[in-house]
Amino acid sequence: GAGVSQSPSNKVTEKGKDVELRCDPISGHTALYWYRQSLGQGLEFLIYFQGNSAPDKSGLPSDRFSAERTGGSVSTLTIQRTQQEDSAVYLCASTLARGTDTQYFGPGTRLTVL
Amino acid sequence: QQQVKQSPQSLIVQKGGISIINCAYENTAFDYFPWYQQFPGKGPALLIAIRPDVSEKKEGRFTISFNKSAKQFSLHIMDSQPGDSATYFCAARIGGADGLTFGKGTHLIIQP
Chain A
59 GAGVSQSPSN
69 KVTEKGKDVE
79 LRCDPISGHT
89 ALYWYRQSLG
99 QGLEFLIYFQ
109 GNSAPDKSGL
119 PSDRFSAERT
129 GGSVSTLTIQ
139 RTQQEDSAVY
149 LCASTLARGT
159 DTQYFGPGTR
169 LTVL
Chain B
26 QQQVKQSPQS
36 LIVQKGGISI
46 INCAYENTAF
56 DYFPWYQQFP
66 GKGPALLIAI
76 RPDVSEKKEG
86 RFTISFNKSA
96 KQFSLHIMDS
106 QPGDSATYFC
116 AARIGGADGL
126 TFGKGTHLII
136 QP
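Chains as they are written, first to last, in my numbering: chain A, 59 to 172; chain B, 26 to 137.
Okay, chain A solo, but in the shape it has when bound (with noise of 0.2 Å):
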């Protein structure tokens, strides 16, 4: 594709529901990267994956949090039993390889928890 793609662009849930983002990287990017951007704060890593397997899993939050990556390009990020906190822009960006320096944005999903 043209660029990074990112589904929903706005979600909004109830608190204590789960909650599935979606990320299509560039065609050909192997490394895929979640951000979390929370109002007034700057980008905070969540989580990084090369083809489909996550060697970085540091950032999450909690283990709320988990993501997956199939088939080396689609990756879904799940946040089970959602809280207010969690609220945010989850953004996710690829790399043409790990060490590229160039991480591409994707436009970010809007959540919001009530």
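To be clear, the hints were calculated from the coordinates, so they are not data collected in a lab. Positions of the beta carbon are idealized from the N, C-alpha and C atoms, including for glycine. Any given hint could turn out to be false.
What the hints assert, rightly or not - From the structure, some residues in chain B lie toward chain A, with a derived Cβ separation under 10 Å:
(1) 29
(2) 63
(3) 66
(4) 67
(5) 69
(6) 71
(7) 114
(8) 118
(9) 123
(10) 125
(11) 126
As the list claims (entries may be wrong) - Only pairs whose alpha carbons sit at most 30 Å apart, straight line, appear in this in silico DSSO-like list of lysine-lysine:
(12) B:82 to B:67
(13) A:75 to B:67
(14) B:30 to A:115
(15) A:73 to B:129
Said to hold, decoys possible - If you want a taste of the chain A side facing chain B, the calculated C-beta under 10 Å gives, among others:
(16) 61
(17) 106
(18) 162
Given chain A's structure and the hints, the job is docking chain B onto it.
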């Protein structure tokens, strides 16, 4: 612990002026320092980046100045234009790692 501190939080500059945004870092293992530009409703886009083996890098109207001993780097936007109005983030990455550590951002407004 915030590893990259960015200032100012917001900045207003007149058209044609110079916009300056500063960042300071703590971890000397950082070896890659990019600046990202973000417009409302969009994801961040890489603007310019530098490695610590050079003190300055210029691309068009955008310049990064890097001071390794002070652990500081800054973005200078020359001849600032209203189209430059956006949020700017500095970031840093540890060599061999992959996730970027971002500053909290600077909301820049260029007044016509």
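- Message: Run the distance test for residue 73 (chain A) versus residue 129 (chain B): straight-line Cα separation, threshold 30 Å.
- Response: holds (27 Å)
- Message: Please check whether residue 63 (chain B) passes as an interface residue: C-beta within 10 Å of a C-beta belonging to chain A.
- Response: holds (8 Å)
- Task: Grab the minimum C-beta distance from residue 125 (chain B) to chain A and call the hint holds if it beats 10 Å, violated otherwise.
- Result: holds (6 Å)
- Measuring from the C-beta of residue 29 (chain B) to each C-beta in chain A, is the shortest one below 10 Å? holds (8 Å)
- Regarding the hint that residue 114 (chain B) lies at the interface with chain A, is the smallest CB-CB distance below 10 Å? Holds, about 6 Å.
- Task: Using Cβ atoms only, decide whether residue 67 (chain B) comes closer than 10 Å to chain A, and label the hint accordingly.
- Result: holds (6 Å)
- Proposed interface contact between residue 126 (chain B) and chain A, which counts if any beta carbon pair is under 10 Å: holds (7 Å)
- Task: With a cut-off of 10 Å on the beta carbons, see whether residue 69 (chain B) makes it to chain A.
- Result: holds (5 Å)
- Message: Take the shortest C-beta to C-beta distance between residue 162 (chain A) and chain B; is it under 10 Å?
- Response: holds (8 Å)
- Is the straight-line distance between the alpha-carbon of residue 82 (chain B) and that of residue 67 (chain B) 30 Å or less? Holds, at about 26 Å.
- Item | residue 66 (chain B) as chain A interface residue, shortest Cβ-Cβ below 10 Å | holds (7 Å)
- Given residue 71 (chain B) was flagged as interface, is its beta-carbon under 10 Å from a beta-carbon of chain A? holds (5 Å)
The structure shown violates none of the earlier numbered hints.
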